[in-house]
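Taking the hints into account, I'd like the entire structure generated from these sequences.
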Amino acid sequence: MSIFDQAIAYSNGKVSTVSVRTMLGLADQARIIDLFEFVMKGNIVSALSELRSQYDAGADPFMILTELSDFNHLVTRLRLTPEIAGDLFLTEEERLRGLDFSQKLSIPVLSRNWQILLKGLQEVNKAARPIQAAEMILIRLTHTADLPTLDEALKKLTQEKNLLQLPKIIPIKKPTM
3 MSIFDQAIAY
13 SNGKVSTVSV
23 RTMLGLADQA
33 RIIDLFEFVM
43 KGNIVSALSE
53 LRSQYDAGAD
63 PFMILTELSD
73 FNHLVTRLRL
83 TPEIAGDLFL
93 TEEERLRGLD
103 FSQKLSIPVL
113 SRNWQILLKG
123 LQEVNKAARP
133 IQAAEMILIR
143 LTHTADLPTL
153 DEALKKLTQE
163 KNLLQLPKII
173 PIKKPTM
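Numbering of the sequence shown is given in our numbering, commencing with residue 3 and proceeding in unit increments.
For the record, the hints were derived by calculation from the structure and aren't laboratory data. Treat the numbers as computed from the prediction; the structure is a model and nothing was measured. C-beta atoms are modelled at their ideal positions from N, C-alpha and C, and glycine is treated no differently. Please note that the accuracy of each hint is not assured.
Here are the simulated DSSO-like pairs of lysine-lysine, each with C-alpha atoms no more than 27 Å apart in a straight line [to be verified]:
| # | residue 1 | residue 2 |
| --- | --- | --- |
| 1 | K43 | K121 |
| 2 | K43 | K106 |
| 3 | K106 | K176 |
The calculated label-pair distances, taken between Cβ atoms and stated as ranges, are [as the list claims (entries may be wrong)]:
| # | residue 1 | residue 2 | range |
| --- | --- | --- | --- |
| 4 | N127 | H75 | 13 to 23 Å |
| 5 | R97 | K43 | 19 to 29 Å |
| 6 | A130 | I86 | 38 to 48 Å |
| 7 | H75 | D30 | 15 to 25 Å |
| 8 | S4 | S113 | 38 to 48 Å |
Here it is, written out as structure tokens:
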């Protein structure tokens, strides 16, 4: 039976976008963007709740993280080349919210997210319980959301080192007798 025939059978003859997305295990793009926002704000409770809600609605954890990494990639491209916001392949939500995130998030933060998501996709793919692996990836992402980048950490460390310099101690000479 073709996918289209399955969609007709699954939805009692009325094929909708929602029924096809559910059947294929895909997540709603607006909800993926909401999930991205929760992660970037470090809101672990909302991020885990949204992931679980999408999973309970039939979305596959691997596909959720794939779409999350796709949106992270889009935000990175918008950061570097904002003119792609005019491309027809973007939905209005992707365009507006993607541009907003691209102005708020730095390339080092987006790159760090990308690395965590790529590694996470491998973990979800190999996991006995993919939803649990996906939850752990979101926990990692939310906990790194407010961490400084390497450049920021080095700059802060250098500034603190300059502030905490101890006065130079000059040894006293032994009195001679």
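Results for each hint:
| no. | hint | result |
| --- | --- | --- |
| 1 | K43 - K121 | 21 Å, holds |
| 2 | K43 - K106 | 11 Å, holds |
| 3 | K106 - K176 | 61 Å, violated |
| 4 | N127 - H75: 13 to 23 Å | 18 Å, holds |
| 5 | R97 - K43: 19 to 29 Å | 21 Å, holds |
| 6 | A130 - I86: 38 to 48 Å | 39 Å, holds |
| 7 | H75 - D30: 15 to 25 Å | 18 Å, holds |
| 8 | S4 - S113: 38 to 48 Å | 41 Å, holds |
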